[in-house]
Amino acid sequence: MDSDNRSNTRVVSTQRVFPQEPSSAPTATRLSIIDNTVARFALTAAIWFYDKPNAPLREHVLPALQQSLARTLNDYRHFTGQLRWATADEVRHAAVPRHLGRLVAEHGTPDDQGVELVTAEYDADVADVVIDRRDPAQISSRGGDRLHVWDATDLPQNDFLPAAKVALSSLGTIGGVPSVAIQLTAFRCGGFAVGVKMAHPLADAIGLIWFMRSWAAFSRAAILRCGADEQGEPSSFSLPPPPLFDPDRIDALAGLAAPTETGTEAIPDQHKIATARALPMHRHDWWDFSAPGYPGWARASSEATMPPPSATGGAFALSPSQQPPWPSWDMAAPVTRVQILFPASAVALLKAAAEKAVQAKTVAGTTPPRISRLDAMLAHIWILINKARYPSSSHGGQDSSGRRDEEVYLDMTLGLRSRFSPPLPDSFAGSPLLIAHTKQTPSRLARSSPPGAALGEVAASIRETIGKFTPEAVAAHVYEAAHEVSPQRLWQAFVGRRHTLATSWQGLEAYSLDFCGEGGVAARNVQAIMPNMDGLVHVIDVDGTGGALDVSVCLEKGAMQRLLEDPELRVGGVDVKMA
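In full-length UniProt numbering, the protein residues as written are 1 to 579.
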């Protein structure tokens, strides 16, 4: 995510921010096994763009943001220390005493790194950089609702994120660097941006939003100087509860009990192992260097958490896996990223069409699966993506490479907090998620008869896949992951021609994040930062638009052009506005 080209950005200051109240003692906490499985993920990162607030930006808003960050970090001390790999001695009392690839969050020591905070100025207006996604004119006109397509390929995201590396920018980047970095950018017009990036094991999207809400509440109090007690507590605001940072709770919910003898490892429960391995999840092996097309950079990054070559058998025996389809990912191909804003009316039409198709195939006396707005949207986008990637399939012919019947996958990020029994609260800190998949062939996805058949079939398949992740299944997945040699060995997804990887921020109210209270505005644009890789999809709802969904799609350039020209993109025949 680092960039050497920040010509419009002038860094004003760089500092490390620590909790307002110093820690009383050193603390080292082993992260959950699920947190460890995402250590290879891209950083959790986002940028919030704001128009000019009513409160003076440089005199009130930016100082309040800096001051309130330190107060917020009182509740997020694990953000301010550093991440490191566990030692064998530290896991002797663990349920599964394995240490390779297991992270420890340490804070309250002289080596704490703090949160890096950069303030910068940008030589442009905010409107020159991002469009206002809340503007109703984008998706409505005199002729009715319409889609709005914004080409965001050249959006200079790195200009609004700190240039410094943070922990787990790669598996080899750990220790001696901050785990969280933030940049506050002032625009020429008086608008501003708040960019955040952090190591993914510390927070998924829910964890990030929870942190940002707390920070925003303390910032509003500092700006308004209203209803605050002597410690600056915002008594007139409703604060989210502090985060619940208790990684061991996930082990307990998965039935991982500490061994009776220190350093011993109990024989794994084979029923739980089998349950986990039967789930619709990829087991792509980062360590299979013999896989066709294996790239050199992947080996270099994998070695950080691999056992030594002399380690064999026993605790180092590898679980079943599959070779990643490296040849299906053309890493040199140009990728285009667009954001497609679907008005609420179009989303409702998709949902109704999917429900109708599912109902038509439901056996008498049975209840059809519940189809959500997100199910229908993901089904719609995935069908369009595969039609664009396999253009001959949509015409019933054979494409030039004879690939129309190869399996393609919709890989979906699933949050786990609500899937445990009992469920974990949204305030639970960390990154409890996994990636599930549904599969199909391009030729079947390209079917046009009867109308809506493919949409209904895919939406039902998405719902069926999600339904397999019961509390028992999720607990089994955690249990099985704990017995891996290293939790970073298996990749549950992929990108490139055969894969689409979808993430959703629906329901997180990201656009409603308000740092200024009465002197501020809602965000004009929110960017969830992901690399521009072929096949990445992100869905977010835009608060204040009555239910519109903004869908970010990254595709190989030629496929993207075909997708945008596909008449089926225009749900209900609505117009499309390009920007």
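Among the hints, erroneous ones may be present.
[Said to hold, decoys possible] Derived lysine-lysine pairs resembling DSSO-like cross-links, with alpha carbons at most 30 Å apart:
1. LYS577 / LYS557
2. LYS557 / LYS468
3. LYS356 / LYS577
[To be verified] Computed Cβ-Cβ distance ranges for the label pairs, DEER-style:
4. GLY314 / THR173: 46 to 52 Å
5. THR367 / PRO241: 32 to 38 Å
6. ALA266 / PRO110: 35 to 41 Å
7. ARG447 / PRO307: 46 to 52 Å
8. THR470 / VAL12: 49 to 55 Å
9. PRO136 / PRO156: 55 to 61 Å
Honestly, the hints are just simulated from the structure, not real lab data. Idealized CB from N, CA, C, for every residue including glycine.
Right, here's what the structure says about each hint:
With a CA separation close to 19 Å, the supplied pair LYS577 and LYS557 stays within the 30 Å bound. A distance of roughly 35 Å separates the Cα atoms of LYS557 and LYS468; the hinted pair therefore is violated under the 30 Å criterion. Pair hint LYS356 plus LYS577 holds up; C-alpha atoms about 29 Å apart against a cutoff of 30 Å. Separated by about 30 Å at the C-beta atoms, GLY314 and THR173 break the suggested range of 46 to 52 Å.
For the pair THR367 and PRO241, the beta carbons lie near 36 Å from each other, so the given range of 32 to 38 Å is met. Here the CB-CB span from ALA266 to PRO110 is close to 38 Å, well matched to the stated 35 to 41 Å. Roughly 48 Å separates the CB atoms of ARG447 and PRO307, a value that falls within the hinted 46 to 52 Å. Distance hint check for THR470 and VAL12: the Cβ-Cβ separation is about 51 Å, which falls inside the suggested range of 49 to 55 Å.
The given range of 55 to 61 Å is broken by PRO136 and PRO156, whose C-beta atoms sit roughly 27 Å from each other.
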